[in-house]
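Protein sequence lines, in the order shown, are assigned to chains F and Z. If you read the first sequence in the numbering used here, its first letter stands for residue 1, the second for the next number, and so on. If you read the second sequence in the numbering used here, its first letter stands for residue 1, the second for the next number, and so on.
FYI, nobody ran anything at the bench for these hints, they're computed from the structure. Just so you know, nobody snuck in bad clues.
In silico lysine to aspartate or glutamate, DMTMM-like type, Cα no more than 20 Å apart, as pairs: (1) Z/Lys474 - Z/Asp185; (2) Z/Lys178 - Z/Glu155; (3) F/Lys87 - Z/Glu666; (4) Z/Lys133 - Z/Glu391; (5) Z/Lys516 - Z/Glu83; (6) F/Lys87 - Z/Asp569.
Computed from a predicted model, the values in this text were never measured in an experiment.
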Amino acid sequence: MSEPLEKQTRDGPILEASGLVKDYWMGPQRLRVLQGVSLSVRRGEFLCVLGPSGSGKSTLLHLLGLLDRPTEGRVVFEGQDAFDRPKRWRDRMRNEAIGFVFQFYYLMPDLTVLGNTLLPAMVRTPALAWPLARHRYRREALGVLKDLGLGERAQHLPKELSGGERQRAAIARALVHRPRVLFADEPTGNLDSATGAEIMKVLARLNRKGGLTVVMVTHDERIARQADRVLHLQDGRLLHGA
Amino acid sequence: MEQTWIAEPWLIAALAGAGLVALGLVALVLTTSVYKHVICLKYLFSGWKAVVPLVSAMPAALGVFLLILVFAIMDGFAHDTREVTRGTLADIIVDAHFEGLPYYDDFAARIKEIDGVEVATPVIQTFAMVRVKPAFPAVRATVQPCMLIGIRPGEKALVGRFQQYLEQQQVTEKEPWKAALYPADRLLTVPPDIAEARREAGLPVRPGAIVGKGLVSYPVRAIESQEVDVSAVVILAWSLVGVLALGAAAVGYRAMGRYGHTTPAAWLAALYLLVAPAIGAVLLAAHGVGLLLPAAPPFPVPELTRADSSGEIWLTWGGVAALAAVWIAAAIFVFLSRERRFFWLRPVGLMHFLGGAAALLAFWSSGLRYGPHLVEQDQVEDKLAVPYGGEIVVSTIPISASGALRIEAGGVPKVNTRALTLVDTFKSGFWESDASHVYVDFSVAQALAGMDGRPAAGPDDPAAPARASQIQVKVRDPARSAAIVERIRDAWRQFVGERPDASAMVSVNTWETQQKTILGVVEMEKNITALMLGMMFLGFGVLIALISYVMAYIKSRDVGILKALGARDVGVGSLFLGYGFIVGLLGTAAGLVGSLLMIHYLDPIEIWVNQILHTDVFPRTTYYFEHIPRHLSAAWCVGVSLAVLALSTLASLAGGLLAAIKQPVETLRNE
Chain F
1 MSEPLEKQTR DGPILEASGL VKDYWMGPQR LRVLQGVSLS VRRGEFLCVL GPSGSGKSTL
61 LHLLGLLDRP TEGRVVFEGQ DAFDRPKRWR DRMRNEAIGF VFQFYYLMPD LTVLGNTLLP
121 AMVRTPALAW PLARHRYRRE ALGVLKDLGL GERAQHLPKE LSGGERQRAA IARALVHRPR
181 VLFADEPTGN LDSATGAEIM KVLARLNRKG GLTVVMVTHD ERIARQADRV LHLQDGRLLH
241 GA
Chain Z
1 MEQTWIAEPW LIAALAGAGL VALGLVALVL TTSVYKHVIC LKYLFSGWKA VVPLVSAMPA
61 ALGVFLLILV FAIMDGFAHD TREVTRGTLA DIIVDAHFEG LPYYDDFAAR IKEIDGVEVA
121 TPVIQTFAMV RVKPAFPAVR ATVQPCMLIG IRPGEKALVG RFQQYLEQQQ VTEKEPWKAA
181 LYPADRLLTV PPDIAEARRE AGLPVRPGAI VGKGLVSYPV RAIESQEVDV SAVVILAWSL
241 VGVLALGAAA VGYRAMGRYG HTTPAAWLAA LYLLVAPAIG AVLLAAHGVG LLLPAAPPFP
301 VPELTRADSS GEIWLTWGGV AALAAVWIAA AIFVFLSRER RFFWLRPVGL MHFLGGAAAL
361 LAFWSSGLRY GPHLVEQDQV EDKLAVPYGG EIVVSTIPIS ASGALRIEAG GVPKVNTRAL
421 TLVDTFKSGF WESDASHVYV DFSVAQALAG MDGRPAAGPD DPAAPARASQ IQVKVRDPAR
481 SAAIVERIRD AWRQFVGERP DASAMVSVNT WETQQKTILG VVEMEKNITA LMLGMMFLGF
541 GVLIALISYV MAYIKSRDVG ILKALGARDV GVGSLFLGYG FIVGLLGTAA GLVGSLLMIH
601 YLDPIEIWVN QILHTDVFPR TTYYFEHIPR HLSAAWCVGV SLAVLALSTL ASLAGGLLAA
661 IKQPVETLRN E
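One chain only, chain Z, in its complex shape (with noise of 0.2 Å):
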């Protein structure tokens, strides 16, 4: 998952902002009557009827929930396409198509000189066939059709991100230490041990070819041991965090006033709702578990190391310590007080109790390590059917500078034939690419393409320039891409009123615009996707709405009595309004949080629900990505979860306009 938060320059902005509106509302909570808290608190926490604000904040929680998690995947998806594309491809790609561009270099000569350009390095591009012969005697040899690129590797891996996606001699930003082991422009020849055991074969050394790995693997099954981190201190974490939320909620609703009697329950289950992860992470965790058992249970109980740092050692039993003595002390003030004799024997006390031993031992839990362990699991793998050093063949038919297909005596078109050998396997995660490219040096690409150059034959038969496919093009600022392309078309129109002979249907485009039908559809998913769920989004909308006016209904004697005793309309109807504030409140905080989690828990989830429904949810066959792709926004987050709180709030204006214009009379004289 990419993190984008601290990077982007607006996110000071933002926090300003929430910041100034933050304490907005803290001025407003703070200015308006103490009854309004007092009596919204009570709606919302008081008894088992709190059960109405956790159902009201379900929809708001579930439409952040799915807005923000379905959003990071789609765009996701839209994000690693872009990215994989940009990748493959350059930055700026000037592109003559089949027929070919003549003096490449001279014009590759003339871009350089444009300022801000870094890289610019001819491609030969053309369609043709691959036949692979798998390495197995009675498996026949496939045909299939490709994509084959000519390249020279030094001058396309400082282009794109080429190197990145090889196989055997990947490079990346994280190992730039291979770049000595797998030097760039080296990276079509073929390895001396596997030319010579060629020659000892007696087999001749071919031309390297990097061959996407989809045209020379096939997908078999394989139990992959997968390495899950579920961590029992991050649970317990987020366990701790939501019981120190509730307690500091519970303090500011004790701080209130205590004009309730009764404990909210609803609270206290919300409470002992966050212990159960709690235990849940000591069940993970615990050893003791299996110890505790007379026999060896029937589930696998991981390994465990016990705190060994002294930090770790004073962390857990000061914990424990502080929590015994937290515990002890509530229960002799239990005990002490008034109804010490029913205490126990009340629902509320045992939960007291039970939730009190449980955050207890989920504490002591804290200190055994629970670490990173092996969950085995049916993978799809790709195995090569070609060994490294094989070999493949690929043929193609020329095209003349005029555009029209070279012909042979007879009228049968020429085809040009060049067997090969594999050095390399290309993977970008991007199917269409890995299925497709085979790359070859660009001399033997152009001429297999026919595009290579040609002396006069005599005064009727010209000298034939070598031609490209394309020249693509690297540039400092990709920001500057589309400036740098009015240049580069400047450049074009000079040079071929320099060489009237290069003319040639010439098309610069930057790589979006290229590839602008396939980021196309994949933005376009991603819209009615959001659309889709913008829609659902309203349908929660007119939810709260409901369940707003529903309570501010139930509720009208209460609003007739505060009126009676001088309550303003306005102020009675904000009631209902801070109500549907916090109710979003809650809702988005969960929605949030809990989408932020699946998002990070995302390939443990993945792995677990595979193997719990024994399906593959995410099959890399059809998606080809080694993992769901995933692109937290920021921005996205932020507007989502305002338009949520706004939503629920302006929703519930239902709620409050009933209030605010129900005559007391009315509700006071119905009894």
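For reference, chain F alone in the conformation it holds in the complex (with noise of 0.2 Å):
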């Protein structure tokens, strides 16, 4: 006998892939990036795909994270399947129950740290809204950002930070509106060890302090150790059962 949904949304995983597949055109030549990746990811856990590059990290990290749609094959998030729905509804996800954070951090270079925390709040707040909204979001922009220790940071632009003090930007745009999942692609991969350890235990106390869902895809092997568990992915298909 099922479960009621309630209790199946609460317990059950907060995120399901089954037989994704995606191609790319090269021209007349069809390249298959993914081929069939089935996984489900437990609300709260720190999962991570490991794999070599041209595996199709990216890839699935995309498509797990809706800001790609597959060929084959569907993502259920949050018990619904993601794909069935509309734009509109990804879109609606992605500004307020998803965080990325990128290897090369993709912060806008014209706005601030704080700008740039800000930017998901922005993008959901009507212009009507925003003199009142803001300051509440500020607020919490700025405890995020003194969280992870940008607090002296916030009016700088990007361009006058570190590598490391750009992913923690980075990090804190992707938490500021408080994520239900948490994905990271190749989020060391541009920094050197010490910086990368140190995001990496961000990270890993974001998931086992707050609760926050990670996935991550890496190459690395020593930073996917890290994780809860770790799934192998070569040539588009993962390699230990998902």
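Each chain sits in its own coordinate frame; assemble them with the hints.
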């Protein structure tokens, strides 16, 4: 007998992918990057997908993070089939329930650290409501920045920060709206080992103390060891059961 | 420049429409996500990259500037030509050509009975030759073709603007009191002093003639002092308006969120660019510049009067105090800020300091008034070859009622010649008329043209009634001219039915139909110019589209980031659309202000260009207008501005579509 939907949603997997296939077309030639990937992510889990360059890690992350549409297969996010829902729903999920951290930070160069951190709030707030909401969002953003050790850097532009600081700013932007899942694409790939370790500590702390679900892809086994579970991806297939 | 802004009834509707559109835009802006406004403003005004939107705005500004300026001048030509043509002729012309219309007074009386007709006067019009002997002993006489026009001056003055175009006996709407000085019915009468002088010199007193200025004068170069009003206060006012507008934009920018660490340098540059004319105003105005120099400056320093009324003094010193307070407060604020040590050394800080000082100085100078002053410039002046009271001789070949030339014994065409006394000159500003018209009394012209009545000479030679070439008609409401033309045609058919011997080839037309050839040419030139500028304008659209596309391409990573954060495709696309709209708005505003200023100061600018380049950009001998004609149409200004705004917004669809369809993963994987 099936459990009530509410309990399923609370205790069941936050994210499920089944039979994910992704093709890219290079002119007339089809390139199958993912070949039927299925996995499940539990709420509060720190999952790492490990694989060499070109194995399809980033593509998998983009599909799980609802940034791209799979050629085949489905992604169920919090009990909802994401690609059966309208695009507007996926946009809203990315804005409210999902956070992204990228290898190259992807901060907006014209905005300060604070401005970058406020971006998700700016995306969902109409201009009319902004003057009233702005102070609350600003307070929250400054709180997150302070937690990540960037309190003094709030008014600086990304170009004035070190690599580690930029990645922390990107994490702040990904966390400020209290997402349910954080997707990290090689978050330490562009950093030296000491700074990389520092970023990993931050992610681990967020997962263990804050209960945040983290899905990270990396090619670095040492980094992957810090996750609760590691999945190996090679040539678009998972080597162990999900 | 004729201002018809307020007079145009559609203006209220247009303003209401524009207000509704503006309200709609404000509502749209307020209900869409704030990130678009923040990012859009960042793209527009952040750092030196802001040069891109400024460059993008230039085509739009240039388009608006050229379309309004060139069209205003072309429309000025068309408008002035129409006005002068209409003023020289009449609302309606009943034309019987050279063979003439008999019983013209009877028919004119019949026309006057038609409802809406104010005046109807017969006119003689025939080709002639005029001989002018300049009043210089060694100069030979000139013989030129002319149009001999016989008028009843009292009636002719009521039909058109004839008396406004006279140089000696001019009566304008501004000086109606002169009508008593120069009664219309005596315009062709030789003044008593001239008549007396001629009698004393043993010369006969001839009938009076009013001759086109171009026939009895010759152009000479003369240095003329022209009054030019370049008021420092006006320049300063414009500068301050600009500074205030930028200040308001800056307040909005700040209110939107202080998410940029750097000062928008392009904004500062624009601010100080506006301060520059204010400094120029100071240089123009400040007598102090001359006083500061050890020796007399090599350039003329105009004399100044200081503010003399208490209001001006309060305004000036109040402004100085307010600006000084703002400046000092800003300096204290900066000093207390965490980067105070670097402020004065940074270019932005230095610009603040210098800009503040310049603004202060400029405001102080507003109390100095730089009034109209004289500028010497080369002018073309028309000198009379024959003085008033001098003689001209007009010769013409009379034409019979059948249209045949009068032939004398031996088969030689008969030539009627008459010496006339120059009593006035005619200058409408329209070369066609001014270089050909010779006005004489109706009866004199009638006799010269052989159109005077002749009694019967025998049973085989019946009496010939006197004839007139035209009947010129003034109507009360020019808008009803076409309907009255039909009524006059009906009246003519009835008149001929009653008097079969009055039969003549008569055409009844409005002045526009009569002059359609020349008016058509001017209109066609105007339309061709508008068309060519319109084509250029499409080129501007392509340029804006390209800039917008390149902008969206350069910013594709930002597009990816925004979409990863949940921004919708339409939202990100509309960011670039808004960017295009603001670029268009900046360009349109700059072009509109520039063209209006240029049109307003066209004459001083022309004088300045003439002096700098040692040329005459608008030779009076060619165009025969005193000033470069211009006619500003509110409809055209509003239409061009809206069109450029719409075009730049539409053109930026190129960038908007690119941003909207761009997949976030495409841009985020390309590093």
